[in-house]
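Working from the sequences, and respecting the hints, build out all of it.
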Amino acid sequence: MRLLLLMLCLAFAGCAAKGTTVVLVEDPDGTVGQVEVGTTAGTQSLNAAGQSTSVKDSSARPSPVRTLDRTDIEKEYGPAIQAMPTPPEKFLLYFEFGRAELTLESKPAPARILESVQRRNSRDVRVNGHSDTIGPRADNARLSLERAEEARVLLVQEGVDPAIIKVLSHGEGNPLIPTPDETPEPRNRRVEVLVR
Amino acid sequence: MHFFALLILSLTLHASIAQAQPEVAGFIKSVEGQGLIVRDDASLPANPGDIVHVSDAVTTMENSAIGIMLEDDTLISLGPDSRLELGDFAFAPQEEKFSLAIRLLKGSFAYMSGVIGRLAPEKIHIETPDAVIAVHGTSFLVKVEE
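Protein chains in written order, with the numbering used here: chain A, 1 to 196; chain B, 1 to 146.
Keep in mind the hints are simulated off the structure, nothing from the lab. Hints may contain errors.
Derived DEER-like restraints, expressed as beta-carbon distance ranges [claimed, not checked]:
| id | chain 1 | residue 1 | chain 2 | residue 2 | range |
| --- | --- | --- | --- | --- | --- |
| 1 | B | Gly49 | A | Glu182 | 42 to 52 angstroms |
| 2 | A | Gly135 | B | Leu44 | 44 to 54 angstroms |
| 3 | A | Gly135 | B | Asp81 | 53 to 63 angstroms |
Within a straight-line C-alpha distance of at most 20 angstroms, the following computed DMTMM-like cross-link-like pairs (lysine to aspartate or glutamate) qualify [said to hold, decoys possible]:
| id | chain 1 | residue 1 | chain 2 | residue 2 |
| --- | --- | --- | --- | --- |
| 4 | A | Lys75 | B | Glu62 |
| 5 | A | Lys18 | B | Glu145 |
| 6 | B | Lys106 | B | Glu127 |
| 7 | A | Lys56 | B | Glu146 |
| 8 | A | Lys166 | B | Glu23 |
| 9 | B | Lys106 | B | Glu146 |
| 10 | A | Lys56 | B | Glu145 |
| 11 | B | Lys106 | A | Asp57 |
| 12 | B | Lys106 | A | Glu74 |
| 13 | A | Lys166 | B | Asp73 |
Nothing here was measured: the structure is a model prediction, and the numbers come from that model. Every residue gets a Cβ at the ideal spot worked out from N, C-alpha and C, and that includes glycine.
In structure tokens:
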């Protein structure tokens, strides 16, 4: 039985011997970065999707690049790929000038956020309040917290479990659209909700 | 009055930041089959929502897989019969403190960079028993055979 397994193993090129194999793959947005695999004997860089290199041990040189197709990758890494969490989903809620009240356009957002929480089975929702730069910094810190608190209340009313919500206020210090001080900018009067 | 409200506010915010930052590195997002979180000398069954701390190891059994989300949105998954150790993790953008050190000891893995990969890729250290992997903001797969 062992021998049979070994023979099957040898029959498939993908069946790895001792050592490390690294495969570069696409990001969800379609871009591909770069990876360098190094040992004391040398470095191999990977810079296109499907490129891979193998290393027998820490004193061996990484192998030349071999390009794997989707079938190879799926066979070797399928379970890990399937277990990959989906990146957090981000929602922007906009507020009326100087107030902790949602703009008309943002009123449907809490329902969409609840849908995302349920679909992702999320136990971690971050609510980050922000303001624009009109008025004193301290007032904006307070306003951005009031907005985040209001968003929290709306999410709880919608049906999101309060225990999974974390609220944080950034004030005017973390604008979506960078502006000078004392600049009205509706796109900065926002609450960012991250469903993780 | 405003000043006091703000003072209390900033104290509570600081308290919650201080609590959240130093030890918590991320959490278990999904568990297929069975896995463990190994902390000091204890092995705890891994469940979705469990916090992963700095210095924890995470392992999977046969026919099992685990997905992990770190605080900076780095994503890592373990395929069957795998083990990783989280050597170090720090994520405090306002203090420009970033660190991520992972050891992939055996099995199969998928990795996708998060905010640290975007802001400070040189602070990411990923190694296996055989090699060091330098990342430039990207997704990759790793297999380690013992």
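Assess, step by step, whether the Cα of A:Lys166 is no farther than 20 angstroms from the Cα of B:Asp73, and give holds or violated.
holds (16 angstroms)
Quick one, are B:Lys106 and A:Glu74 close enough, alpha carbons at most 20 angstroms?
Answer holds: B:Lys106 to A:Glu74 is near 18 angstroms, not above 20 angstroms.
Cβ distance range 42 to 52 angstroms for B:Gly49 and A:Glu182, holds or violated:
Once the Cβ atoms are compared, 44 angstroms apart, the range 42 to 52 angstroms for A:Glu182 and B:Gly49 holds.
Holds or violated: B:Lys106 with B:Glu146, Cα cutoff 20 angstroms?
The given pair, whose Cα atoms are some 6 angstroms apart, holds under the 20 angstroms limit.
Does B:Glu146 lie within 20 angstroms of A:Lys56 when you go C-alpha to C-alpha?
Holds, at roughly 10 angstroms.
Determine whether the Cβ-Cβ distance between A:Gly135 and B:Leu44 falls within the hinted range of 44 to 54 angstroms.
Given about 49 angstroms between the Cβ atoms, the range holds.
CA of A:Lys18 to CA of B:Glu145, is that 20 angstroms or under?
Answer holds: A:Lys18 to B:Glu145 is near 5 angstroms, not above 20 angstroms.
Holds or violated: 53 to 63 angstroms for the Cβ distance of A:Gly135 and B:Asp81?
Once the Cβ atoms are compared, 58 angstroms apart, the range 53 to 63 angstroms for B:Asp81 and A:Gly135 holds.
Below or equal to 20 angstroms on CA atoms is what counts here, so check A:Lys166 against B:Glu23.
holds (17 angstroms)
Starting from A:Lys56, check that the Cα of B:Glu145 is at most 20 angstroms away, please.
Holds - the C-alpha atoms of B:Glu145 and A:Lys56 are around 9 angstroms apart, at most 20 angstroms.
Would the pair B:Lys106 and B:Glu127 pass a check requiring their Cα atoms to be no farther apart than 20 angstroms?
At roughly 11 angstroms apart (the allowed maximum being 20 angstroms), B:Glu127 and B:Lys106 satisfy the hint.
Does B:Glu62 lie within 20 angstroms of A:Lys75 when you go C-alpha to C-alpha?
The hint holds at about 16 angstroms.
The earlier numbered hints are all upheld by this structure, with none contradicted.
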